[in-house]
Amino acid sequence: MHKIKEKKVLAEKTIMMKIVAPEIAKKARAGNFVILRIDEKGERIPLTIADHDLETITIIFLVVGRTTEDLSKLNKGNNILDIAGPLGNPIEYEKYGTVVFVGGGLGIAAIYPQLKALKKDNKVISIIGARKKELLFLIDEIKQFSDRVIVCTDDGSFGRKGFVTEALRDLINKEKIDRVVAIGPPVMMKAVSDVTRDKKIKTIVSINTIMVDGIGMCGSCRVRVNNEIKFACVDGPEFDAHQVDWDEFLKRNLRYKEEEHECMLTKNDGK
Amino acid sequence: MMENKEQKQKEMSPEERIKSFKEVSLGYTKEQAIEEAKRCLQCPVPLCEKGCPAGILIKKFIKHIADEEFDLALKVILEKNSLPGVCGRVCPAEEQCKKKCICKPAININLLERFVADNSEKIVKNVKKTGKKIAVVGSGPAGLACSSELALMGHEVVVYEALHKPGGVLTYGIPEFRLPKKIVMDEANYIKKLGVSIKLNSVVGKLFSVDELLKKHDAIFIATGAGLPYFLGINGENLNNVYSANEFLTRNNLMKSYKFPEYITPVKRAEKTVVIGGGNVAIDSARVAKRLGSDVTIIYRRSRAEMPARDEEVKHAEEEGIKFMFLTNPVKIIGKEDVEAVRCIRMKLGEPDDSGRRRPLPVEGSEFMIKCGQIIVAIGQGPNPLIGKTIDLNTGKKGNIAVNEKYETSIEKVYAGGDIASGSATVINAIHDGKVAAKEIDEKLKRG
Numbered sequence: 001m002h003k004i005k006e007k008k009v010l011a012e013k014t015i016m017m018k019i020v021a022p023e024i025a026k027k028a029r030a031g032n033f034v035i036l037r038i039d040e041k042g043e044r045i046p047l048t049i050a051d052h053d054l055e056t057i058t059i060i061f062l063v064v065g066r067t068t069e070d071l072s073k074l075n076k077g078n079n080i081l082d083i084a085g086p087l088g089n090p091i092e093y094e095k096y097g098t099v100v101f102v103g104g105g106l107g108i109a110a111i112y113p114q115l116k117a118l119k120k121d122n123k124v125i126s127i128i129g130a131r132k133k134e135l136l137f138l139i140d141e142i143k144q145f146s147d148r149v150i151v152c153t154d155d156g157s158f159g160r161k162g163f164v165t166e167a168l169r170d171l172i173n174k175e176k177i178d179r180v181v182a183i184g185p186p187v188m189m190k191a192v193s194d195v196t197r198d199k200k201i202k203t204i205v206s207i208n209t210i211m212v213d214g215i216g217m218c219g220s221c222r223v224r225v226n227n228e229i230k231f232a233c234v235d236g237p238e239f240d241a242h243q244v245d246w247d248e249f250l251k252r253n254l255r256y257k258e259e260e261h262e263c264m265l266t267k268n269d270g271k
Numbered sequence: 001m002m003e004n005k006e007q008k009q010k011e012m013s014p015e016e017r018i019k020s021f022k023e024v025s026l027g028y029t030k031e032q033a034i035e036e037a038k039r040c041l042q043c044p045v046p047l048c049e050k051g052c053p054a055g056i057l058i059k060k061f062i063k064h065i066a067d068e069e070f071d072l073a074l075k076v077i078l079e080k081n082s083l084p085g086v087c088g089r090v091c092p093a094e095e096q097c098k099k100k101c102i103c104k105p106a107i108n109i110n111l112l113e114r115f116v117a118d119n120s121e122k123i124v125k126n127v128k129k130t131g132k133k134i135a136v137v138g139s140g141p142a143g144l145a146c147s148s149e150l151a152l153m154g155h156e157v158v159v160y161e162a163l164h165k166p167g168g169v170l171t172y173g174i175p176e177f178r179l180p181k182k183i184v185m186d187e188a189n190y191i192k193k194l195g196v197s198i199k200l201n202s203v204v205g206k207l208f209s210v211d212e213l214l215k216k217h218d219a220i221f222i223a224t225g226a227g228l229p230y231f232l233g234i235n236g237e238n239l240n241n242v243y244s245a246n247e248f249l250t251r252n253n254l255m256k257s258y259k260f261p262e263y264i265t266p267v268k269r270a271e272k273t274v275v276i277g278g279g280n281v282a283i284d285s286a287r288v289a290k291r292l293g294s295d296v297t298i299i300y301r302r303s304r305a306e307m308p309a310r311d312e313e314v315k316h317a318e319e320e321g322i323k324f325m326f327l328t329n330p331v332k333i334i335g336k337e338d339v340e341a342v343r344c345i346r347m348k349l350g351e352p353d354d355s356g357r358r359r360p361l362p363v364e365g366s367e368f369m370i371k372c373g374q375i376i377v378a379i380g381q382g383p384n385p386l387i388g389k390t391i392d393l394n395t396g397k398k399g400n401i402a403v404n405e406k407y408e409t410s411i412e413k414v415y416a417g418g419d420i421a422s423g424s425a426t427v428i429n430a431i432h433d434g435k436v437a438a439k440e441i442d443e444k445l446k447r448g
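As you go down the protein sequences, you meet chains A and B in turn. Heads up: the first sequence is residues 1 to 271, going by the working numbering. Heads up: the second sequence is residues 1 to 448, going by the working numbering.
Hint data in this document are derived by calculation from the structure and do not stem from the laboratory. Bear in mind the structure is a predicted one, so any value in this text is a computation, not a measurement. Some hints could be false.
Unchecked claim - Computed footprint of chain A on chain B, listed as stretches where at least three residues anywhere in the stretch have a Cβ under 8 angstroms from a Cβ of chain A:
| hint | stretch |
| --- | --- |
| 1 | 153 to 164 |
| 2 | 200 to 207 |
| 3 | 223 to 236 |
As the list claims (entries may be wrong) - Here are the simulated lysine-lysine pairs, DSBU-like style, with alpha carbons at most 30 angstroms apart:
| hint | chain 1 | residue 1 | chain 2 | residue 2 |
| --- | --- | --- | --- | --- |
| 4 | B | K259 | A | K13 |
| 5 | A | K3 | B | K199 |
| 6 | A | K132 | A | K76 |
| 7 | B | K10 | B | K75 |
Even for Gly, the Cβ is constructed at its ideal location relative to N, Cα and C.
Here chain A stands alone, though its shape is the one from the complex (with noise of 0.2 angstroms):
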């Protein structure tokens, strides 16, 4: 059992909690995630640790289905049943010399604990985006670990109105980058990853597939990359954007989507 310390709101439907797991806590790296279930009846999902201190972890989450649904209901004080981690290989700390960071949506809170892992040896440069001004969130806490912080938004409700893709490719048209690390929907790591494609510029991203066990038991997260099947779990999460098979990913990321529905259906009945 976790306890809830602390939980907020960060912005539209994106929920943050702090949870008391020293022992995983101990050994959070930048990278990793945890493997998370409510209760007895609930599912294992997996959530990236955004950050961590000597007693808790740090998730972030949007809520898009029945069980970020629960989660969003527990509130600062209640219970989460199992909490697994750290899981997956974390981030390589190394001196790349500018390093964009590319965060879209949720993927904001995954690209947090990287650039506050690589700003002391790189110029970090953070773009994040989202559909509209009302889902964006910790902008504060990127600027305090970038060199410069571009935002945007769909809708232009806030900062430069477009897509996160568009200001990368003026970006990189304009300056040397050595690194991109995109985070975010797949359709956007999609897109980073051809825009990045012709300049050859190194480009990981974080994969973000179905997973059961996390612990390389099943192959449900299975993912073709350089042509070979690898397990995000444990080979991942992150691999190279440019070696991703993307058409594969995007279709095995939607196969339980009627199931999904079923199930807040079934939860909105009241049953």
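Place chain B on chain A using the hints.
Coordinates of chain B only, in the frame set by chain A:
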């Protein structure tokens, strides 16, 4: 003297059982158990015991059943095996104890074991503590057997389990209708009562390294199992609704997705399912898919005779209307987003291969299609690589941890057993490994 007849356990009818996940085999009644026990000849040299990898004193416990001393019967079993309810259900007894039994037909030793496990209370005996502390990684059959042995020897044992429930393959792999999870939890609870502490959600290699465990413990036993699913390596394998058997079974057994949406982990229910493989895992997957309402066909590249699955399981599957296509191999999976069909080729048997079984060879020009909405790949599992990535242990060809006859690995004080060391085998073999490793660890600790 009246001749006693072999007692057959009751089974749910096929029509009834494909509608639910309730246990198919119903076990013996008290009267049946006594009758069956009375059939035992109580041989001066009980050969059956030589066939038991756990070394249970079979003759003695059967005598107790015949004398209606069920608690004593269980006590005798528990001296050698802490998982009698599990073994009584999933041991391939026909290849072990029953095979050696001289009665015709052989005494149903497994069913007698199950009967006492289900109907008597497990008494926990107090043992003198040694002050030694051992870490066991994985709470599957090898880990549980090793930890209970060590606890009975007086050692302090902590089991680190990666998942949220104990039992390993007994929990995520073997379906409810063959091994009810209540039985697994009851036996895990008995082992906890022996003083073993089971730490769930603890992924060794991530949360704790083996080095860290070594600092806090006098020895480590690694029993992380064969958790890595193999795929076919053919086109279309990543289409939606192509599952590894591990994923399909884990969703249903560990996460109870057969009760979706009450339990919220989803699983696809297809009209037609094709299962690829010929082992018990393939049969289990097929029988689960059948219970989810699917029309199921198992395709296997060799013939019925080479199938590694237990006869009883194959029989159960056939009774449930599962179809078998032997000498058939998939070559391509077809579909756009979801699976629509699998292209197969007919096989014929050639000369024996390394496994001693006749090698299947493709018959040219014999390709054909099977339409299906779901495919389950059950062609075997490899050792879980997670731990191996974090420590420098010597490994075998397939990535399994190399051990000597004392279950010692290349690192001092680190032992390994079960499927992670031997490759993919049976529950009882894993239990045997766990027990022998416990004995070796104990002797080493005593020598100091």
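Violated hints - listed by number, lowest first: Failing hints: none at all.
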